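*Asks:* As you go down the protein sequences, you meet chains A and B in turn. What the first sequence shows, in this note's numbering, is residues 1 to 212, in sequence order. What the second sequence shows, in this note's numbering, is residues 1001 to 1258, in sequence order.
Some hints here could point you the wrong way.
[Claimed, not checked] Covered, in the sense of this in silico footprint (three residues per stretch, anywhere, with C-beta under 8 Å from a C-beta of chain B), are these stretches of chain A:
| id | segment |
| --- | --- |
| 1 | 108 to 117 |
| 2 | 130 to 136 |
[Unchecked claim] Okay, derived cross-link-like pairs now, DSBU-like style, lysine-lysine, Cα gap no bigger than 35 Å in a straight line:
| id | chain 1 | residue 1 | chain 2 | residue 2 |
| --- | --- | --- | --- | --- |
| 3 | A | K211 | A | K112 |
| 4 | B | K1058 | B | K1027 |
| 5 | B | K1064 | A | K119 |
| 6 | B | K1012 | B | K1027 |
| 7 | B | K1064 | B | K1012 |
| 8 | B | K1172 | B | K1141 |
| 9 | A | K112 | B | K1070 |
| 10 | A | K211 | B | K1058 |
| 11 | B | K1064 | B | K1246 |
| 12 | B | K1195 | A | K119 |
| 13 | B | K1124 | B | K1070 |
| 14 | B | K1172 | A | K211 |
| 15 | A | K112 | A | K204 |
| 16 | A | K211 | B | K1195 |
| 17 | B | K1012 | A | K119 |
| 18 | B | K1064 | A | K112 |
| 19 | A | K211 | B | K1124 |
Rather than coming from a laboratory, the hints here were simulated on the basis of the structure. Predicted, not measured: the structure shown is a model, and the values here were computed from it. All C-beta atoms in this analysis are idealised placements derived from N, C-alpha and C, irrespective of residue type, glycine included.
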Amino acid sequence: MEKLFDIFLLMLDGTQITLEIFFVTLLLSLPLGMMAALGRLSSLKIISRIVEFYIWIMRGTPLMLQLLFVYFALPMIGIRLPDIAAALLAFTLNYAAYFAEIFRAGIQAVPKGQYEAAKTLGMSYPQTMRRIILPQVIRIVLPPVSNETINLVKDTSLVYILAMNDLLRVARTIVQREFDMTPFLFAAIFYLAMTFVLTWGFKKLEAHYGKY
Amino acid sequence: MANTNTGEIMLKMTDIHKAYDDLEVLKGIDIEVRRGEVLAIIGPSGSGKSTLLRCINKLETIDKGSIAIKDKFLVQTKDSEAVYASGKAEREILSSTGMVFQQFNLFPHMTVLENLLEAPMQVKGLKRSEVEPYARELLAKVGLSDRADYYPSQLSGGQQQRVAIARALCMKPDIMLFDEPTSALDPELTGEVLKTMRELAAEHMTMVVVTHEMAFAREAASQVIFMADGNIVEQGEPEAFFAAPKEERTKAFLQNML
Chain A
1 MEKLFDIFLL MLDGTQITLE IFFVTLLLSL PLGMMAALGR LSSLKIISRI VEFYIWIMRG
61 TPLMLQLLFV YFALPMIGIR LPDIAAALLA FTLNYAAYFA EIFRAGIQAV PKGQYEAAKT
121 LGMSYPQTMR RIILPQVIRI VLPPVSNETI NLVKDTSLVY ILAMNDLLRV ARTIVQREFD
181 MTPFLFAAIF YLAMTFVLTW GFKKLEAHYG KY
Chain B
1001 MANTNTGEIM LKMTDIHKAY DDLEVLKGID IEVRRGEVLA IIGPSGSGKS TLLRCINKLE
1061 TIDKGSIAIK DKFLVQTKDS EAVYASGKAE REILSSTGMV FQQFNLFPHM TVLENLLEAP
1121 MQVKGLKRSE VEPYARELLA KVGLSDRADY YPSQLSGGQQ QRVAIARALC MKPDIMLFDE
1181 PTSALDPELT GEVLKTMREL AAEHMTMVVV THEMAFAREA ASQVIFMADG NIVEQGEPEA
1241 FFAAPKEERT KAFLQNML
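Next comes chain A alone, as it looks inside the complex (with noise of 0.2 Å):
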């Protein structure tokens, strides 16, 4: 009992570092992700454009190699980042990219008489954004944004290659040294709670903004 109590402990421990990644780049990810939508649907093409180039690069290849290659890579060419600062990095450009398309997907269902309204009501183009526009992007990209977050919270067990000491990794090394496979079953428990309680929180969400 005691010795359950202690990997417990240690679990904890590893939890952490997997929560600091998670809200760290959730923080980080959804305002990029905004930007970068209204980029790709910039009038100016040469923003537009790179921005495109961005996505494409951060969703055509594994999460994993963007991890090695901000982490191994980067400090060939004299950029040496802390390991939590490499994960966040690269988790962040990440994430950003898929939001991106979500929340462009989600300006562009907006329908077009929403726009024009607002503008014979006389309400600027920031004013629309943020007034009209947002608020009913919000309620439609609810669902997807929730589907990423919850892929997030699963992704940040990939920093186990970047030696961090997550909650998978502190699990494998209780059960690679004591040959119990309990802690396996902990680490499940865990990720199971923490997208239980982000289910929940996304469920209120979409009951607040759904409620028209």
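Given the structure of chain A, go ahead and fit chain B onto it with the hints provided.
*Replies:* For chain B alone, kept in the frame of chain A given last:
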């Protein structure tokens, strides 16, 4: 309702030309609307009537010609190039128009009352307490006082369109533009919207109405224009226009509409 109006000219469009690539949709249109007049624009689909209306508030831009609202130029042609007023001047000119769309275009995430308050508060920077009494007055006028806290999706099409009219009026425009306001409605719901429009006309609101409702054009308009293929085919006061159209095309169109 004879056209004896000698009031101030509210809208003057001169020699309006517009083309999409090679397709000419407006081929030199002239229009003049005085204060309190109701101009009904009728015509088959593809005649350019909606495009013409949308040029008045710059939802569409013109290639050549001039548009003046209350004597201020929104656009005029210099050296065969259409030059628009810019920035603040343009916003001021456009703020004297209000528009009602075929598809209502209410803001779905806001209640009826919020739809009305939005622009006066955001654009004019008014406080809620300064707008709300007027907004509620307008809702009463269109017969929807009891729906102030409903969302648009909870209303019928006719009710939504009446909210849209109230929303446009809440910005206190001098000219109201209607783009086929009853075309998306079930037949039994058009009456309530047309009634609201008739009441507005009776209060001498200046209106430009693109419509398929011949009865409305006949009873409420002070001037009727029949458009086809980007041209004005015939124009006149409703009595004469409907009783004795001069042009063959007008006759054929009116016969089809009955």
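*Asks:* Compare the structure with each hint and give your call.
*Replies:* Comparing the hints with the structure gives:
1. For the segment 108 to 117 of chain A, the assignment as covered by chain B holds, since 5 residues bring a beta-carbon within under 8 Å of that chain's beta-carbons and 3 suffice.
2. With 4 residues carrying a beta carbon less than 8 Å from a beta carbon of chain B, the segment 130 to 136 of chain A meets the three-residue requirement, and the given coverage holds.
3. A threshold of 35 Å between alpha carbons decides the hint, and for K211(A) with K112(A) the separation of about 22 Å falls inside it, so the pair holds.
4. Between the alpha carbons of K1058(B) and K1027(B) the distance comes to roughly 17 Å, so the proposed pair stays at or under 35 Å and holds.
5. At roughly 23 Å between alpha-carbon atoms, K1064(B) and K119(A) fall within 35 Å of each other, so this suggested pair holds.
6. With a C-alpha separation of about 16 Å, the suggested pairing of K1012(B) with K1027(B) holds against the 35 Å cut-off.
7. Our distance criterion of 35 Å between C-alpha atoms is met by K1064(B) and K1012(B), whose separation comes to about 14 Å.
8. With a C-alpha separation of about 14 Å, the suggested pair K1172(B) and K1141(B) falls inside the 35 Å cut-off, and the hint holds.
9. At most 35 Å may separate the alpha-carbon atoms for a hinted pair to count; K112(A) and K1070(B) meet this at roughly 29 Å.
10. For the hint pairing K211(A) with K1058(B), the CA-to-CA distance comes to about 34 Å; that is within 35 Å, so the pair holds.
11. Distance check on the hinted pair: K1064(B) and K1246(B) sit about 29 Å apart at the alpha-carbon level, within 35 Å; holds.
12. With a CA separation close to 26 Å, the supplied pair K1195(B) and K119(A) stays within the 35 Å bound.
13. With a CA separation close to 20 Å, the supplied pair K1124(B) and K1070(B) stays within the 35 Å bound.
14. Distance restraint check for K1172(B) and K211(A): the Cα-Cα separation of roughly 30 Å lies within the 35 Å cut-off, and the hinted pair is therefore satisfied.
15. Proposed proximity of K112(A) and K204(A) is supported: the alpha carbons are some 29 Å apart, at most 35 Å.
16. A threshold of 35 Å between alpha carbons decides the hint, and for K211(A) with K1195(B) the separation of about 31 Å falls inside it, so the pair holds.
17. The straight-line distance between the Cα atoms of K1012(B) and K119(A) is roughly 21 Å, inside the 35 Å bound, and the hint therefore holds.
18. Taking the CA atoms of K1064(B) and K112(A), the gap is near 26 Å; set against the 35 Å cutoff, the hint holds.
19. Among the hinted pairs, K211(A) with K1124(B) is consistent with the structure: their alpha-carbon atoms are about 28 Å apart, no more than 35 Å.
Violation of the numbered hints given earlier is absent; every hint is satisfied by the structure.
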